[in-house]
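*Asks:* Going down the list, the protein sequences come from chains A and B.
Heads up: take any position in the first sequence, counting from 1, add 96, and you land on our numbering.
Heads up: take any position in the second sequence, counting from 1, add 17, and you land on our numbering.
I should point out that these hints are in silico values taken from the structure, not numbers from a laboratory.
All figures in this text were calculated on a predicted structure; none of them were measured in a lab.
There is no bait here: all hints are sound.
In silico contact screen, one side only, chain B against chain A (beta carbon under 7 Å); selected entries:
id, residue
1, PHE118
2, LYS120
3, GLY121
Beta carbons are placed, not taken as given, at the ideal position from N, Cα and C, and that holds for glycine.
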Amino acid sequence: NAGVMQNPRHLVRRRGQEARLRCSPMKGHSHVYWYRQLPEEGLKFMVYLQKENIIDESGMPKERFSAEFPKEGPSILRIQQVVRGDSAAYFCASSPGQGGSYEQYFGPGTRLTVT
Amino acid sequence: GDSVTQMEGPVTLSEEAFLTINCTYTATGYPSLFWYVQYPGEGLQLLLKATKADDKGSNKGFEATYRKETTSFHLEKGSVQVSDSAVYFCALAGANSKLTFGKGITLSVRP
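Please take these sequences and the hints and turn them into a complete structure.
*Replies:* In structure tokens:
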């Protein structure tokens with residue numbers, strides 16, 4: 097069973113460009129979480145999605161950031177008009193269900209660098 | 018809101034030394050508690066978890082006990098190895114199972 101896959105692993109964008117980060121959850125997992133890790137900090141929750149639904153986006157910046165998890169295909173985190181402060185590692189995690197007893201399995205992350 | 022506080026790092030130990038990493042939390046209700054480990058350039062791996070008070074999570078020689086009275090979930094290992102060198106994160110699962118993480122602590126183990 098393949099783990100959570102994220103691509104690209106490294107992404108370089110100039111200020112003002114768009115960044116698209118992809119996450120393929122583990123087989124059978126329909127819950128996806130996105131987290132951001134800024135340098136020297138822990139991970140911060142961004143958004144929680146189930147297939148075709150955004151369940152909780154309380155950690156998403158109000159502008160430029162959006163996320164989706166379509167019926168078919170990977171979950172996408174999209175950052176429009178990137179700025180230097182968006183440089184970070186973005187991790188997604190998937191889970192087979194909701195609740196503290198369900199483990200979240202993390203992908204290897206996408207490291208975004210904005211120049 | 019929910020929060021997790023970890024002791025400040027980094028921590029450097031000699032091989033076979035005893036390890037304690039402190040973690041306390043603030044949350045409403047009764048969250049599940051986790052320790053994750055991150056090796057350089059990789060994602061997080063679940064090390065252990067506990068879902069209710071007095072539960073002890075254990076894995077690979079690491080242990081942590083869910084202490085509701087002190088709102089703590091300290092990580093311990095009796096004898097660390099060089100291969101344990103990594104960043105360790107304490108976390109809790111709150112509403113919608115979203116994880117709240119501590120800042121993480123870097124552990125370096127010398128041969």
